[in-house]
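Visitor: Sequence:
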Amino acid sequence: MMIYSKTELGQTALRDRSLGLTPRQRSAFIMFDGKRSADDVLKATAGLGVTAEDVSHLVELGLLVVSAVVLPPLPGPQLVPASAQSVAGAPSLDAQAHYLRAYPIAIRLTASLGLRGFRLNLAVEAASDVTKLKELAPKIKEAVGTEKFKELETALFD
Numbered sequence: 001m002m003i004y005s006k007t008e009l010g011q012t013a014l015r016d017r018s019l020g021l022t023p024r025q026r027s028a029f030i031m032f033d034g035k036r037s038a039d040d041v042l043k044a045t046a047g048l049g050v051t052a053e054d055v056s057h058l059v060e061l062g063l064l065v066v067s068a069v070v071l072p073p074l075p076g077p078q079l080v081p082a083s084a085q086s087v088a089g090a091p092s093l094d095a096q097a098h099y100l101r102a103y104p105i106a107i108r109l110t111a112s113l114g115l116r117g118f119r120l121n122l123a124v125e126a127a128s129d130v131t132k133l134k135e136l137a138p139k140i141k142e143a144v145g146t147e148k149f150k151e152l153e154t155a156l157f158d
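So in the numbering used here, spot 116 of the sequence shown is number 116, and the numbers just go up one at a time.
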């Protein structure tokens, strides 16, 4: 999940109201403190009609910047020997290793796309295992190009 903080330009715009943000954009903007995730802010402001596009607009204006990307907790047991994980379809250590290697790369690649990759970046953030990342791989490849995708491809499939 993405955590945004206000830029210096954003702090100034908030004080002097120079950019003419809509009330819902201003409300969301105020909540970005470098600690709350974009998902948390969107949930808190959903009643006002704030959307991911509003957040993208704030980023595009240079008012917000990504201050952190927080990896979601891995599903299932993490310190179980591989031999014990073969029951009931639990993920293998190999699958978890691929996920741990590929997830940060996928986040970095999709975050570098800016506004046009915002939804893809959200989809990557929601991917909780290597299978879901592999499902998103063709979209990521199309968005970033074959050359940049090679690093992710290696992490996912090798």
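Be aware that one or more of the hints could be misleading.
[Stated by the list, open to error] Restraint ranges, calculated between C-beta atoms of paired labels, are given here:
{"hint": "1", "residue 1": "THR131", "residue 2": "PRO23", "range": "37 to 43 Å"}
{"hint": "2", "residue 1": "GLY20", "residue 2": "SER112", "range": "44 to 50 Å"}
{"hint": "3", "residue 1": "LYS139", "residue 2": "ILE30", "range": "28 to 34 Å"}
{"hint": "4", "residue 1": "LEU122", "residue 2": "LYS35", "range": "16 to 22 Å"}
{"hint": "5", "residue 1": "ALA46", "residue 2": "PRO138", "range": "47 to 53 Å"}
{"hint": "6", "residue 1": "GLY47", "residue 2": "LYS132", "range": "41 to 47 Å"}
{"hint": "7", "residue 1": "PRO104", "residue 2": "LEU48", "range": "21 to 27 Å"}
{"hint": "8", "residue 1": "ALA44", "residue 2": "ARG15", "range": "18 to 24 Å"}
{"hint": "9", "residue 1": "ALA97", "residue 2": "LEU122", "range": "21 to 27 Å"}
[Claimed, not checked] Straight line, CA to CA, 25 Å or less: simulated BS3-like cross-link-like pairs of lysine-lysine:
{"hint": "10", "residue 1": "LYS43", "residue 2": "LYS148"}
{"hint": "11", "residue 1": "LYS6", "residue 2": "LYS43"}
{"hint": "12", "residue 1": "LYS148", "residue 2": "LYS132"}
{"hint": "13", "residue 1": "LYS150", "residue 2": "LYS132"}
Quick caveat, the hints were computed from the structure, so don't treat them as lab data. Backbone N, C-alpha and C define an ideal beta-carbon position, used for all residues, glycine too.
Visitor: Can you give the numbers of the hints that this structure goes against, from lowest to highest?
Guide: The structure breaks hints 2, 5, 6, 7, 10; every other hint is satisfied.
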